[in-house]
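Take the given structure of chain A and dock chain B to it, following the hints.
2 protein chains.
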Amino acid sequence: MNETQARLYIVGIGPGGRDGMTLAAVQALKGSDCIVGYHVYTELVQGDYPDKEYYTTPMKKEVDRCRQALALADQGKTVSLVCSGDAGVYGMSGLVYQLQEEYPRVHIQVVAGVTAALAGAAVLGAPLIHDFALISLSDLLTPWEKIEKRLLLAAEADFVIVLYNPSSKKRHDYLQKACDLILRHQSPDTVCGLVEQIGREGERSKVLTLKQLRDEQVNMFTTVFIGNSQTRVIEGRMVTPRGYEL
Amino acid sequence: MNETQARLYIVGIGPGGRDGMTLAAVQALKGSDCIVGYHVYTELVQGDYPDKEYYTTPMKKEVDRCRQALALADQGKTVSLVCSGDAGVYGMSGLVYQLQEEYPRVHIQVVAGVTAALAGAAVLGAPLIHDFALISLSDLLTPWEKIEKRLLLAAEADFVIVLYNPSSKKRHDYLQKACDLILRHQSPDTVCGLVEQIGREGERSKVLTLKQLRDEQVNMFTTVFIGNSQTRVIEGRMVTPRGYEL
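Which chain is which? The protein sequence lines are A and B, in order.
As numbered in our numbering, residues 1 to 246 make up the first sequence, in order.
As numbered in our numbering, residues 1 to 246 make up the second sequence, in order.
For reference, chain A alone in the conformation it holds in the complex (with noise of 0.2 Å):
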């Protein structure tokens, strides 16, 4: 077999629907035989590549997901294995390098795509402007005093903050208990927003304080942002300057 055959593309999609995707994602989808991923993103671009092999696998079964796309790009088929948001955020192309030995064959591309941070951003205003600090709230696979430590530091060096995974149905409190901390170096009145299913039918985002964010009710789906000392709200929108004169 060629070993050009034996392609692995790691797709980000972005956040919501197909208009988050970049153009190099689309041409990968295109040139694939085969389309790997959880099927809530497998069937996002069903209805836009019908042709193709699809292959999905349920939540949690990652490491089974990456295999099994690995496996059929080794049977020298050009596979695409979708993520939501980047792959590269949280996403599969950390565990796809990982398993890489087991098929040395395959060659893997990694295709960008936008995280929700970036999305939410520009639902929200402008927060991002300035550094910032990415963190999720997910202990399934990270200690919670580290993630703790990382809230405590991110918020004492007056990053902008952004929280993926901030709830649970087995974590409802958390997104309280990283407000929490955060209140140890930031004011109650710091500038904060939320967006739920980004770029998807219901979405929805609101700019509140961070007072007022650690008794909000969220979920697995909503991206959370905490400003810095600098954020403001600019009619209605959520902006951190970033210092030029006007």
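Simulated from the structure, these hints should not be mistaken for lab results.
None of the values given here were measured: they were computed from a predicted structure.
Hints are supplied without guarantee of correctness; some may be wrong.
No copy labels: a pair is met if it fits in one copy or bridges any two.
[Unchecked claim] Calculated lysine-lysine pairs in the DSSO-like style (CA-CA distance at most 27 Å, straight line): (1) K170 / K61; (2) K170 / K146; (3) K177 / K149; (4) K206 / K61; (5) K30 / K211; (6) K61 / K146; (7) K77 / K149; (8) K77 / K177; (9) K177 / K30; (10) K149 / K211.
Just chain B now, with coordinates in the frame of chain A:
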């Protein structure tokens, strides 16, 4: 005049060539009468959209550029203000919102794009799979003491750190200074990476240690990645694992 005519898109066109652009960005450009931006970015899109009115401003004239875009929209034109990468990450969207009160009729819409951190990560492997902090080393608009504090605390928090604007003619030793600060908390063997001219002709990338990075020559087109304590090299790629059991 119909208020809906006064529309300004702030469009992130991705890091390099047109393939990094989203479909939403393409639609915004197609639907615009005027395209405004720094000449390097307007020239990138001019070939695909030759029939638009183009307005370019030199570097460091960001305030003029944003005012011009707002003024054109206020005259009833549909305008795209183009930025490299994502308009919301060290881009023009913050400034436009700050100037918005001068042009209250203009409806502003930010179209998110792939910022250099994401595109560079895709080139290097999977360095951003876990929590990360993004820091610009430019002290044109930010006091160096604040940058220094953020570097130190981000390293202490064991974030993967991405550096934008790591060097310029006047700031040739800033990357060295940043590495020295990070070395107070991270090992000299920490896995690092750099990418130059992402998605453009002459793209170059390199994986190296923090100790080596300290003495590396970089320029204003380089994006620098400093791993966390878990980041490692797999088949020449920079990979930060997330903790899945394989």
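A quick look at each hint next to the structure:
Taking the closest pair of Cα atoms, K170 and K61 come within 27 Å of each other only inside a single copy of the chain (19 Å); across copies the shortest separation is 50 Å, beyond that limit. Proximity of K170 to K146 under the C-alpha cut-off of 27 Å is restricted to the intra-copy arrangement: shortest distance 19 Å within a copy versus 37 Å between copies. In this assembly of identical chains, the alpha carbons of K177 and K149 lie at most 27 Å apart whether taken from the same copy (12 Å) or from different copies (24 Å). Taking the closest pair of Cα atoms, K206 and K61 never come within 27 Å of each other, the shortest separation being 33 Å inside a single copy and 32 Å across copies.
In this assembly of identical chains, the alpha carbons of K30 and K211 never lie at most 27 Å apart, being 47 Å within a copy and 42 Å across copies at closest. Only within a single protomer do K61 and K146 lie at most 27 Å apart by alpha-carbon distance; the minimum there is 24 Å, versus 42 Å between protomers. Taking the closest pair of Cα atoms, K77 and K149 never come within 27 Å of each other, the shortest separation being 44 Å inside a single copy and 49 Å across copies. For the homomeric pair K77 and K177, neither the shortest alpha-carbon distance inside one copy (46 Å) nor that between copies (47 Å) is at most 27 Å.
In this homomeric assembly, K177 and K30 never come within 27 Å of each other (Cα to Cα): the closest approach is 44 Å inside a single copy and 45 Å across copies. Taking the shortest alpha-carbon separations for K149 and K211, both the intra-copy value of 20 Å and the inter-copy value of 25 Å come in at or below 27 Å.
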